[in-house]
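These protein sequences, in sequence, are chains A and B. When we follow this note's numbering, the leftmost residue of the first sequence carries the number 1, and every step to the right adds one. When we follow this note's numbering, the leftmost residue of the second sequence carries the number 256, and every step to the right adds one.
A hint or two may mislead.
DSSO-like cross-link-like pairs, simulated, lysine-lysine; straight-line CA separation at most 27 Å [claimed, not checked]: (1) B:K459 / A:K214; (2) B:K783 / B:K420; (3) A:K214 / B:K491; (4) B:K442 / B:K823; (5) B:K897 / B:K420; (6) B:K397 / A:K226; (7) B:K915 / B:K892; (8) B:K783 / B:K459; (9) B:K425 / B:K442.
Here's a subset of chain B near chain A, in silico, CB distances under 8 Å, partners left out [said to hold, decoys possible]: (10) L536; (11) N890; (12) P985.
Hint data in this document are derived by calculation from the structure and do not stem from the laboratory. Predicted, not measured: the structure shown is a model, and the values here were computed from it. Virtual Cβ for every residue (Gly too), placed ideally from N, Cα, C.
For reference, the chains in residue letters:
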Amino acid sequence: MVNERVNHKWGMVVDIDRCTGCQACVVACQAENNIPLNTEAIFRQRRAIEWIHVERYWEGEFPDVKARFIPILCQHCENAPCEPVCPVYATYHNNQGMNVQVYNRCVGTRYCANNCSYQVRFFNYWEPVWPETLKNQLNPDVTVRSRGIMEKCSFDIQRLRKAEHVIEGQRGERITDENLREGNFLPACVQACPTTTLVFGDFNDPESQVSQMKEEHFVEGGRGYKLLEDLGTEPNVIYLKKVDIHAKTGVETHA
Amino acid sequence: MGITRRQFLRWSGASAVGAVVFNGCRIPEEELQVESPVDLPEDLVTGIDNWYATICRQDQESCGIIVRVVEGRAKKVEGNPDYPINRGKHNARSEAGLQSLYHPDRITEPLFREGSSGEFTPISWAEAHGKIADSLRNLPDKNRFLLVTQPLRGHMALLASEFVKSYGGKHMAFETLEQVTLRRAIKDVFGQDRLPDFDIEHSKYLLSFGADFLSTWLSPVKYSRGYGELRQGAGKRGVHVQVDSRFSMTAANADEWVPVKPGGEGVLAMSMMHVIIREGLGDRVAANALTGGNGYMALDAFRPNNSEVRDATGVDASRIEGLAHAFADPANQPSLAIGGGSAGAHTSGLFNLRAIYSLNLLVNNVSQPGGIFFNPAPPLEELDSREVLDMGVPASFRDWKEMDRPQVLMVRGVNPVHGLPPDANFTTAVENADFVVSFSSFMDETAAMANLIMPEHTYLEDWGDDVPDPGPRYQTLGLQQPVVRPFYPGTGSFGDEMLALGKELGLNINDSLGLSGNDSPTFQDLLKKGAEKLWMENRGSVKAATFDGFWNGILQRGGWWDTESTDKTSPAAPSILSMAWPNIAFQGPTGDDTYNLIPFLSNSIADGNLAHLPWLQAAPDPVTSMVWHTWVEINTKTAEEKGIRVGDMMEITSPNGTVKAPAYVHPAVPPWTVSMPIGQGHTTFGRYAEGVGVNTLSILAPITDVDTNALAWAATRVRIRNTGEHIDIPRFEGNVPAFEAEEGRIIKIASPR
Ligand code: SF4
Ligand code: SF4
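So here's chain A without its partners, still in its complex pose (with noise of 0.2 Å):
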């Protein structure tokens, strides 16, 4: 099945004007890829795994306050600054555009991770445990990552791949959009976030819904911008801007 591959780039717009910060997209993440459970002690350690998180921050005082929601997970950096250090060549670029980590040759230098502008990268500092019956639940698919190892976003990759097996493989057909979302084919977390916040797809298909919104609010005055763009990291997912009633026309204020 991974003879002759269509050329992807896989992308996805996260629109923070939708976003209500309700967590869909973190807890589904956890489900699909067998993300350790993130224990009480965990999270006092601060070492809690969330491959996408939510953000929020604060503006101003009481009764004028605001709070601000962003959902954050693997930029999928064109120019990845995460890449070029590790020592083991663990994490790559591939051929469409995902940022990819190989488990089995992470060495845990966490180089990556400290390289990391966006903070998306997690280190497994424990051998991660499930009672006997939760691991029923545990997805074939995703490979569980023992202590010692970096993990992160990978876009659903396992999804991705099945998606080339059936829609590529066996039908013989280009994936879109639209088969897959109806293959149930999507990153578990554009599936469940009920309020369409992040939408994914190919930014080599003009077609396709990123492409679209990539060309619509790319241009002046328009919602689309990068996280810390001035990096030049080229991220792969790409955010539109929060919109305020309360903005002054045009100008665009510092959070």
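Take the given structure of chain A and dock chain B with the ligands to it, following the hints.
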């Protein structure tokens, strides 16, 4: 030919074994470990999976879900794209149903003990069945039987009502922070018995009073879906204003938050009405009807510049006028007002909600896109009787307090010992009953007091159905099927057990349910009976030549609905509003260091019925990022003045007791309030719930709404005291370094176009 998603959704109706296709392994010990070896994700070869449609039973919304099953094990929950309520979306709570199924602390077989203390011993399901049957048979006064469940709908409601009707006794539905007052208000304002559908998606000005509709209120997945569209769907971006005594997750998302004084929500709505009517902005017919023809003068006491209005609401005249203008502004139509949650949880609760919902009449949005749509009766006639519908209406606080003490008590699906404030005396009722049966799959506080526990299957292993309330504007019957075989052979089905009891006791419920001729009917048979009637009506989403075809069709799609079957009744003419100034009262201390306590349902563990699931305990609270705890939210300035830091252990004291919880300090807590999530403080409920946090409900004062007797759960006042102890609170904040120095680069703001 392409494979469509529907073909992925397998059905099971035709086979007797249930939904499982791959069920080679009978018991978990014999099973292959399903973790894959460490290998390169790039090289992954995946196994074969099946997706089955069913419904989620984690909360009352009951979303349609599809569940991925690999080798007989459930792996993943997603939203069912076909199901009219949630249309492919779901939330964190439905995702975590899998952890309930595979929870390490499930009760695996019936447990019995003589008396109410002492050790439980395992018995067989048949023996347990015999014990219930005996206790019911030997009960001299059948009226001293009480069945307590969650609000029931669909065929379970039908079965329970038939059981109680022919055996005797009573059914009470339990809902924590019950919506009793909301239902009354909808009835009073719109003449509706069923909750209506709020068209948030198409609204351009959404005014919500206290309803945490993005998190836990009524149908949050449906509303969240609509909310995304209100924000960035077609056409002009809709504005959302939240009038709320607490900075809830929903308030945090609003374009504008109006921090109203607790209990003053109704006065604020009346005051807006005064402005709208005085300035002739709203519908004149409705204005006349609401004021009995007297116009705004009838609302004179509520004029915005009356200082009493300001005192009750904490909102000044110009802001009230601004809200009224915006709500009625033709450029903002359709506008929509909704209310609930803490806005209805006061002594003036019914007054508040009536006033809030009446605002809709002034902008005439009933049956208009972006407004309020009434829901039709349930699809089958037998599901529409008064007795059956009453099974879905929660009992009020006073109903609990004044209930007749049962001799035989059956509890299913709820944990009232934890969820009712002590003044409801439910615990005493359990202690005094002769025989208490719990159907809980977990050793929760109520089960721990039982004589007999008959653990139910989890919903992913069992049959069921649902008539959503609020519905999607047309008749809908969601179908719940077992997506995997029961994980433990010792658990059973509540519906099957009720039918078996009916037969054993010689009640004629089989006949009245149309199951005569069937010697040992199951709940699945009852569902099929209903489905057969739907099939014969030959309408809606699934039509088929044969009943088998129909049954498979509805299993595959997760239910049946008929988009044509909308409510055709014309709304009742609005009736005159009560203009008397409401009685807004509180119970608890006043003076220094005292505050209004605003409790709230957790975004993840809800009222605590999901506190046993580790994914949900670990899902950060959206506003505070707190996990695995109960905390008390205190305003930043107040905290500075009093020297309170994040993590200081506070004592929170009401007339009903004291609990201890760490402080979480943030700028959006109204300085006159403190607030706390409910749902924790379990003494027994499995390893992930026990010993986590405190039970906020235990300090609520027994104060009720004057009209409905529902618990005024937002009307307790508390004193807080810093104990001097300090803990490192568990929260997500700080797990990843924030971008604080660089916020402007992370969250960017645009003005509306
Ligand atoms: S794409 Fe997959 S791995 Fe990445 S955040 Fe979403 S669910 Fe998690
Ligand atoms: S699921 Fe969607 S709305 Fe909820 S926090 Fe994630 S991105 Fe935001």
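When the structure is checked against the list of hints, which entries are broken? Sort them ascending. 5, 6, 8, 10
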